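Enquirer: Residues per chain, in single letters:
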Amino acid sequence: MSLRIGIDIGSTTVKVVVLDEQNKLLFRSYERHYSKTRERACETLRSIEDRFRGQDVKLVITGSAGLGVAKASGIDFVQEVYATAAAVREYYPDTDAVIELGGEDAKIIFFGGALEERMNGSCAGGTGAFIDQMATLMNVDVGELDKLSLKHEKIYPIASRCGVFAKSDIQPILNQGGRKEDVAASIFQAVVDQTVAGLTQGRELKGKIVFLGGPLHFLYGLRERFVETLHLDGEHAIFPEDGDCFAGIGAALCAGEYKVRPFEEFLKLLEESVDAKTTVDTMPPLFTDKEDYAAFLSRHNAKHPPKADIAAYSGPAWLGIDAGSTTTKMTLITADGGLLYTYYHSNQGNPVAIVLEQLKEIYKLCGSRIEIKGAAVTGYGEDLIKNAFGCDLGLVETVAHYKAAAHYDPDVDFIIDIGGQDMKCFKIRNGAVDSIMLNEACSSGCGSFIETFAKALGYDIASFSKLGLFSPHPVNLGSRCTVFMNSSVKQAQKDGASVEDISAGLSISIVKNAVYKVIRAASADDLGRHIVVQGGTFLNDAVLRAFEQELGRDVTRPTIAGLMGAFGAALSARDLHLEKSALLDAAALERFTHSAKPVTCNLCTNHCSLTVNQFDGGRRFISGNRCSRPLGKEKVEMPDLMHFKYKKLRAMEGMGEGDGSRGKIGIPFGLNMYENLPFWYTFFTKLNFEVVLSPESSRKLYLKGQRTIPSDTVCYPAKLLHGHVEALVEAGVDAIWYPCMSYNNDEGIGDNHYNCPVVAYYPELLAANVPDLKQTRFLDPYVGLWRHKDFIKRISALMEREFSIPKKETRAAARAAYEAYEVYVDVVRETGKEYIQYARTHDLPIIVMCGRPYHIDPEIDHGINDLVTSFGFVLVTEDALSYLEGYAPRKVLNQWTFQSRMYNAARYVCTQDDMQVIQLVSFGCGTDAITTDEMRDILEDGGKLYTQLKIDDISNLGAVKIRVRSLIAAIEARKAQDKGPTA
Amino acid sequence: MAELVYDKNGRLLFTEEMKKEYTLLMPQMLPVHFGMMARLLENEGYKVETLNTSGKSIVDAGQKYVHNDTCYPALLVIGQLIDAVQSGKYDPHKVALLITQTGGGCRASNYIHLLRKALKKAGLEFVPVVSVNLSGLEKNPGFKLTLPFIRKAVFAMMYGDIIVQTSNQVRPYEVEPGQTDRTIQQVEDRLLDGMKQGKGLSYKQMCENFKWIVQAFKDIPVQGEPKVRVGVVGEIYIKYSPLGNNNLEQFLLSEGAEPVVPGLTDFIIFKIYNRDVDVDLYGGLWLKQKLCRIGEDYVKKCQRAMIAAMEAGGFRAPGTFDDLHRLIKGYLGDGNKMGEGWLLTAEMLELIHSGTPNIVCTQPFGCLPNHIVGKGMIRKLKDDYPWSNVVAIDYDPGATKINQENRIKLMLANARALAKDEAAREAAAGHTGEGEKIPTFAGPSHRSV
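Protein chains in written order, with our numbering: chain W, 1 to 983; chain H, 984 to 1432.
In case anyone wonders, no lab produced these hints; they're calculated from the structure.
Keep in mind that the hints are not guaranteed to be accurate.
Claimed, not checked - With a straight-line cut-off of 27 Å between C-alpha atoms, the simulated DSSO-like cross-links for lysine-lysine are:
1) Lys1273(H) x Lys793(W)
2) Lys303(W) x Lys466(W)
3) Lys1273(H) x Lys259(W)
Being a predicted model, the structure only gives us computed values, none of them experimental.
With the hints as constraints, model all of the structure from the sequences given.
Expert: Here it is, written out as structure tokens:
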């Protein structure tokens, strides 16, 4: 037997392992490869050449990036999970499961019985790269992040699906003053949740678990989260000493089956493969030569503000602050827009400290010559900064950006702003914001994304993006979310693309993402003739050039593109025409103190994660709230049909008019039950069953059933059902009733009346995946309610078969159930009418919330309705209006009952001056890929605004607020305009 | 030039005049089947072209003109059509686009509408779109599916299935590389020549044709040990279309596996059966049900003939539709019909029962029905058949080939280990009785070389 060598080439690291005949470890290494995989592997082998030269060895390559190397060099390859399993079997034969996290992979291997292996799919964060990204976001290194996490006091819920989601959860917490320690631990918890939710897929993680891979090897905070979440003790949680290179060890163990060669020969094979290049999908270069670039630069540098010198100027000035997601921007301007002072810097997770420091600096520079007559703030941290420093005005970003853009180009008709975290695009029609497009949480291919890549490849952002300017062959990386982009970059690296080509490719992909994913434009004319681009990301010449190339036209980029939000805020402050600003003066700043404490609000079921900010002199600011109750004020009860329906439905449990003698029937309170419950409640209570509803949805309930979810990309409302049915089993019901329904009621307003496939068949998925359901009677027959007579015939046969209920009795119950459903529908419509009447009497605007019936679940909508009504809207739902319009052909196949209602409601809204639509879309809802475009068309053709809110398991009210406030601003702008000509 | 005529809802019609002047462009899915279908349409007097284009420009066009959250097949099908119209190869005013419409509760029924929206966005709203469906949706004066034509189409599909299924069992073992594909070409040409003369389009003639088709593939010299068989199931477009699944079959072959891809026949029967069973489940006209059953029975009869021909030729034949239907009991109800519905799970079951427990379950990223019938059933399959080895692979424009291939490689490594265990078990315990119903030939050993 000979020595065996395993080389594990992962997405970020290369691990080399040498085993002797007795499986003893002779050598091991773990090194980052910075995308130079082959070179790194060669270097490591060369470093041990002296030791092993002349010996016969067996060498096998493994790892996600190893396949290409293996192919190019002709060395044997072993799949990495398979290799890992081999190593675990060798060293810990009684293992039940392995959890391995790598740079970009997450895996669980189940032992015991047949070997089962799971890897993360194409949509998955929760890996080492994700942790790196998050550390970058918090401006700490991974080691510090780990240390911080060990000192946490509370865990915030953070989306565990992918890095982009998590970012948008973390940012508001940081901006609102959440503790870094808590955020760090929450990030690790998100990784744990992702692994447990995404990969277990119905199989429980129990017994002895071995933890492997770099992150789990180095990060003690992450280990702690896993051990705690899985309730493991020391005996059942194994962290092997060489856990970071187990796959390499496994590869070496597997090498036994492969060819023997002298050590040098393997090294030679590898070295020779370094030069082998495969083809990469490339695009034309950004700039052909230096002249090209120079002309481009001089064109853009022409748009600059008037010169102003803070050292010489005396007179009034106005301050604008843009407390963005990753950066804080400040400008101090003169009356004509001249810049006295600017500031642009990463906020390092603490915008308050930065603004404090800068304000002090500004006061120092101003001396007694310059008086600040007004201050305005915009951006994510708006509320916090406004309260902390006494700014005169807070305004929503979109408005600030429009204000700034119009200053440079009064004819501007399209603005695109790409910042660190978010992307905002909007059209300007007749001097008012006309349609707003924000990036959905899944596609923030924004500035911080390039920055993270730059850091991962060992560059700072400025020099990294410069590299791409003259790349001859930019790599085509597609235009999807970060997680996908990671793999695209990985593939390009594997294929030998240079850093220059990747840099250019990333810039182009950001643009493609913006144009096709966010703006969804087919041509440049879709956008406009006077396009102003802004946001820090457009200061990157490669991105700007790619944007112009993609659109095929020149755009305007002011030299202060990165400061436009702050600039717009300053202009708005100026236009307040105040005599004196309320901004804290220099003396007050000296006394300024700030501390933040996280608390959970327990005043209602939303359980908002609040941050209580304490300032000097007892001033307090609470953030994270949806309503005004935690602020000590009584909640303003605006008419809200979502609340009304929810309360109405929740009351439908118990024995009703019956005696409950036939036992307890459990009904999961989710998906289409939000529509059909009034029917089934009456049906079963008439038959003398006691109806038991599953508990109200909550994150806890979701986590309860999480491990049995087989498809992690299904919508959140469906995922919740797992917890609901488990809770019913626990409640000890005699049977659970959750029928499959391909078809919904036929309301005569669509081309067909289907349910979506998930709503229709989820009961069958539950039956196959929730082990607890084996303990109870789970009834999921196929029923169709729209043909009354046929239904009654079939259900009475079924009830006789299942419960020996005489058919006559069932028939009567079914008839009563139909009536009860009609009554419910009527009540909703009548109440809707009342609310609309109320709004009109009190001159309040009306929001029509269009979604599915189950979107009224507070755990699904995260209390968005409270937020909307807190802005002074009366809220009604789509089903209160849809009957007011008849059938009309649509440009899409209008075949789902719930979705048809939205089209009709939107059509009705177009006929009413005081109504606007907000469409709620669950992430992962396939049918809404169709409805959203159609809804937009209907509303825009009818002269209405289109606002869409995407919702997932995590509540990110910050983004929701921007949209709702932008909507309010747009409504007001329109109103002002309507009045304008007559005034 | 043909006049543009619209129906009362403003839909652009395909007129009789267009039938003479226009070329109908068809997206590609199953090269053998669609090739024959195109020829049949030509025999009916249409000018038809199946698009065999591939490459980046298709995905680009798709992403540009279709909502990016829509499923990948829509992106590819529409991208392929628009890319062709814009390619300069055709006069855009002389083409019409052919697209199928199933009318089920899945997003796929909306492809035709998304195509029209895309055409409008691309400034091509003057290009007529023709729906091919059996549900009586969207009629066109210049394009009619007559009953005799539908019958012919059924035959073309049967020929496609038998060619694909037999050739798949030979290709991995052929002595002379490329011979199987050449044979497919020859068989197709012979069938199409016959069809032009009106031959091969009756049940009897079809059975005759089956014989020589099977023989043609049997005559290809083969060699080598049986390879690991890997079943491919999934959303219909991604399952079949090399454009959609990154040349999955080619990849499996290159990894030394034998791909087993269930045919189209079951899907057609399934779609008819859905209408039949709807009447049982929800009520409806018995006459409608009767008509469905007649159609169902006819295709089933053809399927039985195909199976008989394959078995007679010593090939591993698929189970009948009724066999599949029996297997699904206890998994999914008869009413589960959106997308591939219960058929997808039934195909996995049949593969497991016929000695192919290694399966790639393909789907577009976020495919709604596959949450239930694909990924949603793998857990239960594993419980019931612990040796089943199913890997679910998502496809979309952002998913990289390297990740997909890595996951498939894992499944293959598992498969090889399972095969080894199985051999060891069999040696220890004698023969196991699994999957006795369907002959389970392994590799080429059953045919004389």
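Enquirer: May I ask which of the numbered hints given earlier this structure violates, with the numbers listed in increasing order?
Expert: Result: hint 3 breaks, nothing else.
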